[in-house]
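A.B. asks: Chain residues, written in single-letter form:
Protein chains: 2
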Amino acid sequence: MRDLFHDELDQIGNSLVAMTHLAGTAMQRATEALLTGDLHVAERVVSDDTAIDALRADLESKTFQLLSLQQPVATDLRMLVTTLHLVADLERMGDLALHVAKVARMRHPDIAVPVELRDVIAQMGAVALSLVDKVAEVIKGRDVELAQAIEVEDDSMDALHRKLFTQLLADSWSHGTEAAIDMTLLGRYYERYADHAVGVARRIVFIATGAMPAGSAAIKPSGPAAG
Amino acid sequence: MRDLFHDELDQIGNSLVAMTHLAGTAMQRATEALLTGDLHVAERVVSDDTAIDALRADLESKTFQLLSLQQPVATDLRMLVTTLHLVADLERMGDLALHVAKVARMRHPDIAVPVELRDVIAQMGAVALSLVDKVAEVIKGRDVELAQAIEVEDDSMDALHRKLFTQLLADSWSHGTEAAIDMTLLGRYYERYADHAVGVARRIVFIATGAMPAGSAAIKPSGPAAG
Numbered sequence: 606m607r608d609l610f611h612d613e614l615d616q617i618g619n620s621l622v623a624m625t626h627l628a629g630t631a632m633q634r635a636t637e638a639l640l641t642g643d644l645h646v647a648e649r650v651v652s653d654d655t656a657i658d659a660l661r662a663d664l665e666s667k668t669f670q671l672l673s674l675q676q677p678v679a680t681d682l683r684m685l686v687t688t689l690h691l692v693a694d695l696e697r698m699g700d701l702a703l704h705v706a707k708v709a710r711m712r713h714p715d716i717a718v719p720v721e722l723r724d725v726i727a728q729m730g731a732v733a734l735s736l737v738d739k740v741a742e743v744i745k746g747r748d749v750e751l752a753q754a755i756e757v758e759d760d761s762m763d764a765l766h767r768k769l770f771t772q773l774l775a776d777s778w779s780h781g782t783e784a785a786i787d788m789t790l791l792g793r794y795y796e797r798y799a800d801h802a803v804g805v806a807r808r809i810v811f812i813a814t815g816a817m818p819a820g821s822a823a824i825k826p827s828g829p830a831a832g
Numbered sequence: 606m607r608d609l610f611h612d613e614l615d616q617i618g619n620s621l622v623a624m625t626h627l628a629g630t631a632m633q634r635a636t637e638a639l640l641t642g643d644l645h646v647a648e649r650v651v652s653d654d655t656a657i658d659a660l661r662a663d664l665e666s667k668t669f670q671l672l673s674l675q676q677p678v679a680t681d682l683r684m685l686v687t688t689l690h691l692v693a694d695l696e697r698m699g700d701l702a703l704h705v706a707k708v709a710r711m712r713h714p715d716i717a718v719p720v721e722l723r724d725v726i727a728q729m730g731a732v733a734l735s736l737v738d739k740v741a742e743v744i745k746g747r748d749v750e751l752a753q754a755i756e757v758e759d760d761s762m763d764a765l766h767r768k769l770f771t772q773l774l775a776d777s778w779s780h781g782t783e784a785a786i787d788m789t790l791l792g793r794y795y796e797r798y799a800d801h802a803v804g805v806a807r808r809i810v811f812i813a814t815g816a817m818p819a820g821s822a823a824i825k826p827s828g829p830a831a832g
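Residue numbers (this note's numbering), protein chains in the order written: chain A, 606 to 832; chain B, 606 to 832.
These are computed hints drawn from the structure, not numbers from a lab. Any given hint could be a false lead.
[As the list claims (entries may be wrong)] Here are some of the chain A residues that sit facing chain B, going by a computed Cβ distance under 8 Å:
1) F669
2) L672
3) S673
4) L689
5) A693
6) L773
7) W778
8) L790
[What the hints assert, rightly or not] In silico SDA-like pairs for lysine to any residue, Cα to Cα no more than 20 Å straight-line:
9) A:K768 to B:M711
10) A:K745 to A:V622
11) B:K667 to A:K745
12) A:K667 to B:Q676
13) A:K667 to B:I812
14) B:K768 to B:H780
15) B:K667 to B:L640
16) B:K667 to A:R683
17) A:K768 to A:F811
18) A:K667 to B:K768
19) B:K667 to A:H690
20) B:K667 to A:F811
Keep in mind it's a predicted model, so treat the numbers as computed, not measured. The beta carbon of each residue, even a glycine, is placed where N, CA and C say it ideally should be.
The following block holds chain A by itself, in its conformation from the complex (with noise of 0.2 Å):
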């Protein structure tokens, strides 16, 4: 009975990978609409968002069952503690890839990324990848010392957050108030993908280690408008 106990939190963590690897394609693709203006792609990011949901209710569910049912405790108990509170974050991940996705699509067959602001999107988008995919092995592997990675490369998110902010407001900024509301926004979804990548490592080193990082109950409030 333990043995498949164990089976069924083995199988959990491959579908957290997987539902990982399904927020880190969302935001690639919805980063590929927003930079062409492919409305295909768009469409298709808002079409698998509903995988990424329906996966985080079959967690939820699971996870519900097994807590019912084999009353774990210690590190069993805490790693279906913790299964509820990353599929909240790669939800929402998932979130913020269609919400970009949905900017390329409302702006389609326009480009919704002014020229000189689509390499900072490409590298907000690159490092969104990179992050999700540490993720992904953060979770493979309980890795403490790659989910400290994780933050540090918060940390570029953030600096290209505040380079897209300086771009938005400068005097030579000639795209009007739409295109600037776009890209407040879009800077913001990317932000906040990457501030619950950071999330979803810090709750694995709560699993690892059985201690929060100091300060880490609340995802970071981060941005310009934040600080």
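Position chain B against the provided structure of chain A, taking the given hints into account.
C.D. replies: Just chain B, lined up with the frame of chain A:
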């Protein structure tokens, strides 16, 4: 032993109500600071946020202990699992109030909100407060009908959010890009605050009925750029 356990569950319920009131007071004060430019009030929201964070950490810890020591099933288990979700939503509502307060602080001694937008922001603040008062009542009474009224009230927040964007995008907008960025982020903070209130209400429906409302695994994406 079981009586002591149920006393502890009651205490958790009381703490959730207290946390809800703290998140409400934070947004009330943040809105006041935003509309009056009162630096003292803004600073108070910032410093008081640590109490909300501490309450989350405390409630998570207590929940984990009860899961571990009491091995609850059925409704008791559902209440504890739900508590983990509720404290995440409530803490995030506190963070969003904090973000609003920080915009007020950043623009001090100016008032961040242009005169013609103060009315819509005041209304968003009022809806936020009304929502959070209802959420506290729902937590106290597990009132499924009131939980559904919260969803309707969230629609009025979305309508105010759209009104805000309409004013930002009017030809008459004369406050430049920086104010447009501030107002875009502020609108998003209020809207997300309401979304989390809805998330809390939906979780209470889950405790009361054992079933999540359709489509509510995700806090619904909304807002002009997400639409």
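A.B. asks: Checked against the structure, which of the hints given earlier come out wrong?
C.D. replies: Checked against the structure, the hints that fail are numbers 11, 15, 17, 18, while the rest are satisfied.
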